[in-house]
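Visitor: Taken in order, these protein sequences are the chains called A and B. Numbered per the numbering used here, the first sequence spans residues 53 to 239. Numbered per the numbering used here, the second sequence spans residues 184 to 320.
Calculated from the structure, these hints are not laboratory results. Among the clues, some could well be false.
Using 35 Å as the maximum straight-line C-alpha spacing, the simulated DSBU-like pairs for lysine-lysine come out as follows [unchecked claim]:
id, chain 1, residue 1, chain 2, residue 2
1, A, Lys110, A, Lys150
2, B, Lys241, A, Lys110
3, A, Lys81, B, Lys241
4, A, Lys101, B, Lys315
5, A, Lys176, A, Lys150
6, A, Lys110, B, Lys317
7, B, Lys315, A, Lys176
8, A, Lys150, B, Lys317
9, B, Lys241, B, Lys185
10, A, Lys101, B, Lys317
11, A, Lys110, A, Lys81
Remember, it's a predicted structure, so these values are computed and weren't measured experimentally.
For reference, the chains in residue letters:
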Amino acid sequence: MSWIFEPWPWYVAGPLIALVMFSLLMVDKNFGMSSNLRTLCAICGAGHKVDFFKIDWKAQQWNLLVVLGTIIGGFIGSELLSNDTAVLINPQTVVELKAMGFQSAGSSYLPTEIFATSVLTDLKSLVIMALGGLLIGFGTRYAGGCTSGHAISGLSNLQWPSLIAVIGFFIGGLFMVNVIFPLIFSL
Amino acid sequence: MKNLAYLFIGVIFGITMFKSEAASWFRIFEMFQFQSFHMYGIIGSALLTGVIGIQLIKRFNIKSFSGHSIVIPPKTISVSRYIYGGIIFGLGWALAGACPGPMFTLLGAGFGTIGVVILFSILGTFLYGLVKDKLPH
Numbered sequence: 053m054s055w056i057f058e059p060w061p062w063y064v065a066g067p068l069i070a071l072v073m074f075s076l077l078m079v080d081k082n083f084g085m086s087s088n089l090r091t092l093c094a095i096c097g098a099g100h101k102v103d104f105f106k107i108d109w110k111a112q113q114w115n116l117l118v119v120l121g122t123i124i125g126g127f128i129g130s131e132l133l134s135n136d137t138a139v140l141i142n143p144q145t146v147v148e149l150k151a152m153g154f155q156s157a158g159s160s161y162l163p164t165e166i167f168a169t170s171v172l173t174d175l176k177s178l179v180i181m182a183l184g185g186l187l188i189g190f191g192t193r194y195a196g197g198c199t200s201g202h203a204i205s206g207l208s209n210l211q212w213p214s215l216i217a218v219i220g221f222f223i224g225g226l227f228m229v230n231v232i233f234p235l236i237f238s239l
Numbered sequence: 184m185k186n187l188a189y190l191f192i193g194v195i196f197g198i199t200m201f202k203s204e205a206a207s208w209f210r211i212f213e214m215f216q217f218q219s220f221h222m223y224g225i226i227g228s229a230l231l232t233g234v235i236g237i238q239l240i241k242r243f244n245i246k247s248f249s250g251h252s253i254v255i256p257p258k259t260i261s262v263s264r265y266i267y268g269g270i271i272f273g274l275g276w277a278l279a280g281a282c283p284g285p286m287f288t289l290l291g292a293g294f295g296t297i298g299v300v301i302l303f304s305i306l307g308t309f310l311y312g313l314v315k316d317k318l319p320h
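Same shape as in the complex, but just chain B:
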C-alpha cells in the first residue's frame, strides 16, 4: 500500500516534469540565458508553496499520516562542499539539460539516449565516493 503511494507520487512528479517542460534541455538553456520566466516561475512558485507549507507544518505541529513529527534533516554546516559541489552539478545540469529527476522522466518519455547520461551520473557518484575523503568538505 505504502509502495503504491511512493509509485504514485513519482508518477505525479514525472508527469509534472514532462508537461511543464522542466525536463527539456531547451528550457534549461533558456533559463541560464535569462530569456524566459518559465523555469524561474516553476522553481519560485514551488518554493513559495513549500516555504508556506513548511511554516504551517511547524506552527501547527502537523504530523505525518503515521503520527510522526515531520522533519527535514538539517544539512551539515559547510560552505566549500556546497559551493564546489553545486558548481560541478550546475555545469552538468546545463550541459546535459537534465537533473537527477527529469532524466528518468525523459527515459520514460522514450528518449533512450538519456540512458547514457543516467549511466554516467551513476559513475560520477561512484567517483565522488572514491575520492570524497580527499576533497574539502
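Next comes chain A alone, as it looks inside the complex:
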C-alpha cells in the first residue's frame, strides 16, 4: 500500500476524474467546478446589482458540497496520504524555472516565490495571484465552463463548443508561459 503515499500516476488519476464525473451523472448532476464561482457571487448578493446572478443559489448547494469535499480532499491528500509533497517535474523544467528565479522548483508543491505566506507583502506575487484569479473567474464564465466542464465533461460527450473552448485554454496558457512569463520573470 506504500504506493498510495507516492504521487499518483496519470493512469490512476485520469480514470478517477472520469469516475467523479460519472458519479455525479448517476445522482442527476453535472461535473463543473466554475459554476460555483457564480453561485458564490449570488450568495454575496450580486443578484441585487446584476441579473446574471439572480439565480436560485440554493439549487446549487449540492455543488458547494462538492467544493467542500474538494477542500477536505486536499487536506487528506496532503496531510494523511503524502510522505513528501515535492513535485518532481522534468529536470530540464527545473533548470529553466531556476533561471527564471524559482528556486523552489523541484523541491516543493507550489512555488514559494508566489504562494508563501511571507510574500503577502510582496506586490508582484499579490498581483500575480489577483490577476490569475480575475482571468480564471472572468474566462470560465465567458467560456461557460473550465477544465472540468469543458475538457472533461463536454469533450467526453463529444461537444464541439467544448473543443473550441479547450483550444482556447491552450492558446491562452501557451501564450502566458512562453511569451508573458519571460517578460515578468526574467529579472
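Given chain A, work out where chain B should sit, using these hints.
Guide: Just chain B, lined up with the frame of chain A:
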C-alpha cells in the same frame, strides 16, 4: 444522504487532484512547456474513460440512481465566446497554476494564500456578469 454523496464525490476529486499533482503550479507550467506527458496523460485517460462511458450510457440507455435519463446539457452554439473565454481562462490557468477545482484542493492542503486567487476569481466572475451583454457571444 444525497448531501453525503456530493461531499464524498468532492473528497475523491480533491484527493485525486492533490495526489496526481494536477493542483501543482509546476505541473501546469511543465504541461504548457510540453516537457512532460503527465498532465496530458491525466486529461487524456480521463477523456478516454469518459468518452467510452458516455457512449455506453447512451447505447444501453443507462439511467441514474433515481431512474432518470442521464443528460449532459448541450452548450449553446458559438465560436467567439468559447475561443475568447477559453483564451482568457487559459491565461489565468497558466499564471495562477490552478483551475476552479484544484484551487479549493490547495486551500485544504494548507496553502492559505491561494485564497487570494479564489477571492479574485469570484470577483472576475462578477465582472463578467457586469459586462457580459457588451461582449461577443
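Visitor: Against this structure, judge whether each hint is valid.
Guide: Okay, the hints, checked on the actual structure:
no.	hint	result
1	A:Lys110 x A:Lys150	violated (46 Å)
2	B:Lys241 x A:Lys110	holds (30 Å)
3	A:Lys81 x B:Lys241	holds (16 Å)
4	A:Lys101 x B:Lys315	holds (13 Å)
5	A:Lys176 x A:Lys150	holds (18 Å)
6	A:Lys110 x B:Lys317	holds (28 Å)
7	B:Lys315 x A:Lys176	holds (29 Å)
8	A:Lys150 x B:Lys317	violated (42 Å)
9	B:Lys241 x B:Lys185	holds (24 Å)
10	A:Lys101 x B:Lys317	holds (16 Å)
11	A:Lys110 x A:Lys81	holds (14 Å)
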